[in-house]
Amino acid sequence: MPDVGSSEGYKFHLTITPKSVTLQSGDEKESADISEGEYTALRGSWIHHEGVLYIGGAQRAEEESPGHFRGCLQNIVVQGSLLDLDSASYKSNSVWAHSCPLPTPQG
Numbered sequence: 001m002p003d004v005g006s007s008e009g010y011k012f013h014l015t016i017t018p019k020s021v022t023l024q025s026g027d028e029k030e031s032a033d034i035s036e037g038e039y040t041a042l043r044g045s046w047i048h049h050e051g052v053l054y055i056g057g058a059q060r061a062e063e064e065s066p067g068h069f070r071g072c073l074q075n076i077v078v079q080g081s082l083l084d085l086d087s088a089s090y091k092s093n094s095v096w097a098h099s100c101p102l103p104t105p106q107g
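The sequence shown begins at 1 in full-length UniProt numbering and counts up one residue at a time.
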């Protein structure tokens with residue numbers, strides 16, 4: 001996937017089928033084959049509300065990115081429903097659920 005930088009209104013679409021996982025943004029698309037067992041685990045986690053969705057980064061136990069996300073995530077839709085970030089199980093103190101940070105001057 002390309003580095004989207006500070007693009008306004010960039011949309012991502014994740015599709016999971018019994019045979020693959022596909023992430024698409026604009027004309028860019030990345031796919032990976034998955035096994036029947038991996039699909040069953042993903043589907044079971046989703047149906048039984050045991051899955052975890054990380055938005056804007058990964059859990060601290062995971063590999064950390066060399067950079068930090070700075071910007072605004074708006075209108076996040078999961079399974080056709082608008083996501084309310086206030087209902088998140090964990091939210092960093094640096095995340096504002098209902099407003100976007102003011103732009104900082106480039107220097």
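A hint or two may mislead.
What the hints assert, rightly or not - DSS-like mimics (lysine-lysine), calculated; alpha carbons at most 30 Å apart, straight line:
{"hint": "1", "residue 1": "K29", "residue 2": "K11"}
{"hint": "2", "residue 1": "K91", "residue 2": "K11"}
{"hint": "3", "residue 1": "K19", "residue 2": "K29"}
Claimed, not checked - Label-pair distances were calculated between CB atoms; the ranges are:
{"hint": "4", "residue 1": "D86", "residue 2": "D33", "range": "20 to 30 Å"}
{"hint": "5", "residue 1": "P18", "residue 2": "S94", "range": "31 to 41 Å"}
{"hint": "6", "residue 1": "D27", "residue 2": "V78", "range": "17 to 27 Å"}
{"hint": "7", "residue 1": "E30", "residue 2": "V78", "range": "16 to 26 Å"}
{"hint": "8", "residue 1": "C100", "residue 2": "P18", "range": "13 to 23 Å"}
{"hint": "9", "residue 1": "K19", "residue 2": "S94", "range": "32 to 42 Å"}
{"hint": "10", "residue 1": "N75", "residue 2": "L42", "range": "20 to 30 Å"}
{"hint": "11", "residue 1": "L14", "residue 2": "S92", "range": "20 to 30 Å"}
Treat the hints as calculated values from the structure; they're not laboratory data. Every residue gets a Cβ at the ideal spot worked out from N, C-alpha and C, and that includes glycine.
Hint check:
no.: 1; hint: K29 <-> K11; in the structure: holds (12 Å)
no.: 2; hint: K91 <-> K11; in the structure: holds (22 Å)
no.: 3; hint: K19 <-> K29; in the structure: holds (16 Å)
no.: 4; hint: D86 <-> D33: 20 to 30 Å; in the structure: violated (37 Å)
no.: 5; hint: P18 <-> S94: 31 to 41 Å; in the structure: holds (38 Å)
no.: 6; hint: D27 <-> V78: 17 to 27 Å; in the structure: holds (23 Å)
no.: 7; hint: E30 <-> V78: 16 to 26 Å; in the structure: holds (19 Å)
no.: 8; hint: C100 <-> P18: 13 to 23 Å; in the structure: violated (38 Å)
no.: 9; hint: K19 <-> S94: 32 to 42 Å; in the structure: holds (38 Å)
no.: 10; hint: N75 <-> L42: 20 to 30 Å; in the structure: holds (24 Å)
no.: 11; hint: L14 <-> S92: 20 to 30 Å; in the structure: holds (22 Å)
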